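Undergrad: Sequence:
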Amino acid sequence: MSPQTLETQRVVIVGAGLGALYAALKLAPHPVLVISPERLGEGASSAWAQGGVAAAMALPDSPQAHAQDTETAGAGTVDAAIARLVTEDAKARILDLTTLGTPFDRDRAGGYVMSREAAHSVARVVRVKGDQAGREIMETLIAEVRRSPSVQVAEGVIASGLAVEAGRVTGVWVERADASSGRVLIRTPAVLLAGGGSGGLFAVTTNPPRIRGQVIGMAARAGARIADAEFVQFHPTAIASGEDPAPLATEALRGEGAVLVNSRGERFMLSRHPDAELAPRDIVARAVYLERQAGRAPALDTRAVLGAALPERFPAVAEACYQAGIDPVLQPIPVAAAAHYHMGGIAVDARGRASLAGLWVCGEASSTGLHGANRLASNGLLEALVFARICAEGIAAHLPETAAPEIRLVFPEAQDTGDETAVARLRAAMTDGCGVVRDAAGLVRTLEIIRDIEAAAQSETLLNMTATATLIAAAALARCESRGGHFRSDYPKTDPVQAERRFLTLEEAREIRARALEKT
1 MSPQTLETQR VVIVGAGLGA LYAALKLAPH PVLVISPERL GEGASSAWAQ GGVAAAMALP
61 DSPQAHAQDT ETAGAGTVDA AIARLVTEDA KARILDLTTL GTPFDRDRAG GYVMSREAAH
121 SVARVVRVKG DQAGREIMET LIAEVRRSPS VQVAEGVIAS GLAVEAGRVT GVWVERADAS
181 SGRVLIRTPA VLLAGGGSGG LFAVTTNPPR IRGQVIGMAA RAGARIADAE FVQFHPTAIA
241 SGEDPAPLAT EALRGEGAVL VNSRGERFML SRHPDAELAP RDIVARAVYL ERQAGRAPAL
301 DTRAVLGAAL PERFPAVAEA CYQAGIDPVL QPIPVAAAAH YHMGGIAVDA RGRASLAGLW
361 VCGEASSTGL HGANRLASNG LLEALVFARI CAEGIAAHLP ETAAPEIRLV FPEAQDTGDE
421 TAVARLRAAM TDGCGVVRDA AGLVRTLEII RDIEAAAQSE TLLNMTATAT LIAAAALARC
481 ESRGGHFRSD YPKTDPVQAE RRFLTLEEAR EIRARALEKT
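Under the numbering used here, read the sequence shown as residues 1 to 520, first letter to last.
These are calculated hints, taken from the structure and not from any lab test.
Just so we're clear, the structure is a prediction, and the values are computed from it rather than from any experiment.
Take the hints with a grain of salt, since some may be wrong.
[What the hints assert, rightly or not] Ranges of calculated distance between the beta carbons of each label pair, as one might list FRET restraints:
1) GLU312 with ARG451: 48 to 54 Å
2) PRO29 with VAL329: 46 to 52 Å
3) THR98 with SER489: 31 to 37 Å
[Claimed, not checked] With a Cα cut of at most 30 Å, we get these calculated DSSO-like pairs of lysine-lysine:
4) LYS26 with LYS91
5) LYS493 with LYS519
6) LYS129 with LYS26
7) LYS129 with LYS91
Think of the CB as a built atom: it goes at the ideal place given N, C-alpha and C, for glycine as much as any other residue.
Let the sequences and hints guide you as you build the complete structure.
TA: Dropping the structure here:
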């Protein structure tokens, strides 16, 4: 056996967020290896989630009403069966997390304290300490994983490729996260990808620095089908402090009654949508983007509804503001639209299976059909929980219960590729031409830049990023309408004929790119 190849009966889980850790626990007693780029709890979008988990926990709410709100927000492309599957399982996931020790906010009678967020018809977002849901859930899961004898964690390691034989995934290529090593192939009976979305492909984002579409691109390069790639959600209230990534002012603030104003003091959402600040995210994000483009400095004003209570009720927001020199108790919080969540991803069926045998996907890296063109707020963590359970059950059904020794990873040395400049160029191109407002000329220009970066790429990681960027831009160019998170200024209306999910392989996306560049 080559020293660069390791054989194991452990299921390899790529990612260290909520979906990855929950799946690892649900797979017990099957042995699992979790590939984590950083120390558990660091660098995963899940830990940064502020709002909470959407779930119909008690009357008058219901899973049916939750599913209906999900479909409405999704702008015509939600898979109704998946929406029902996820919303019907939501309460059970919250109760399970509670049993594990997650300290959800409770009232004196023991009921869950619910927040209302944009496009929800009722208050149904289960939260922790106001805006600490992601961090607290992750801390609970990390503690359980650390105690689990069936789970081995490889920290400081990234996955950079999939091994495929006869249409089946047979292994994962891994390397050191600091790009200082060569690759090692881990052969495994099953792979679960749960490594996040693509927000970091854009220059203005709320995502952790390592969440740049690598997992989606890795699967696409191996031949997996990708769905809904064009639908990227931009959060309307990232704190405009100039930080990268941008801190988030949770949507729960608007649920509490905070309002969006511009430098003239105008509450500009009143003229944009009947629900004003609680309109669907795409509408609010475009309004914030256009105010900023017009030089009218949009800001979120919490003073009238929260005032001095904001630091206690929303500590993460307050801390981010204070670090940026903003006092949210005394002044409005400057905001900008930032890439936040990728509704698209690796296409999976209702069992979490990708188009390649031996490959399962959950969380933001997947595209289940739940989110459609515009994710309903706080459905992201919920989907990760539900499909982590589904994937774990599906994987376990295909594996014998067997012990597996811990894996010892020894990497060959390699030179740093120095891709930082290319990554910065890629992120700028995606923001400029494939951002909140798109048109054909900008998308073609973006595809040309991606092609040039791809041709000169020195690392597998950068090639994974350019693969996902190609899929997003090509799908956006092919969808000649505006729908949900995808807005084309040259096709500003929604076309009922195009109300369907779109599926692409990387080869097909490159063909779209080639045809577009031939015309320029």
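Undergrad: LYS129 and LYS91: Cα distance at most 30 Å?
TA: holds, 19 Å
Undergrad: LYS493 and LYS519: Cα distance at most 30 Å?
TA: holds, 25 Å
Undergrad: Quick check on a hinted range of 31 to 37 Å for THR98 and SER489, using CB atoms only.
TA: The hint (31 to 37 Å, Cβ to Cβ) is violated, given that THR98 and SER489 are roughly 46 Å apart.
Undergrad: Given the proposed pairing of LYS129 with LYS26, does the C-alpha separation stay at or below 30 Å?
TA: holds, 26 Å
Undergrad: Starting from the range 48 to 54 Å, see whether the pair GLU312 and ARG451 falls in it by beta-carbon distance.
TA: Since the Cβ atoms of GLU312 and ARG451 sit about 51 Å apart, the hinted range of 48 to 54 Å holds.
Undergrad: That 46 to 52 Å hint for PRO29 and VAL329 (C-beta), does it hold up?
TA: holds, 51 Å
Undergrad: Would you mind confirming whether the straight-line C-alpha gap from LYS26 to LYS91 stays at or under 30 Å?
TA: holds, 17 Å
Consistency with the previously given hints fails for number 3 only.
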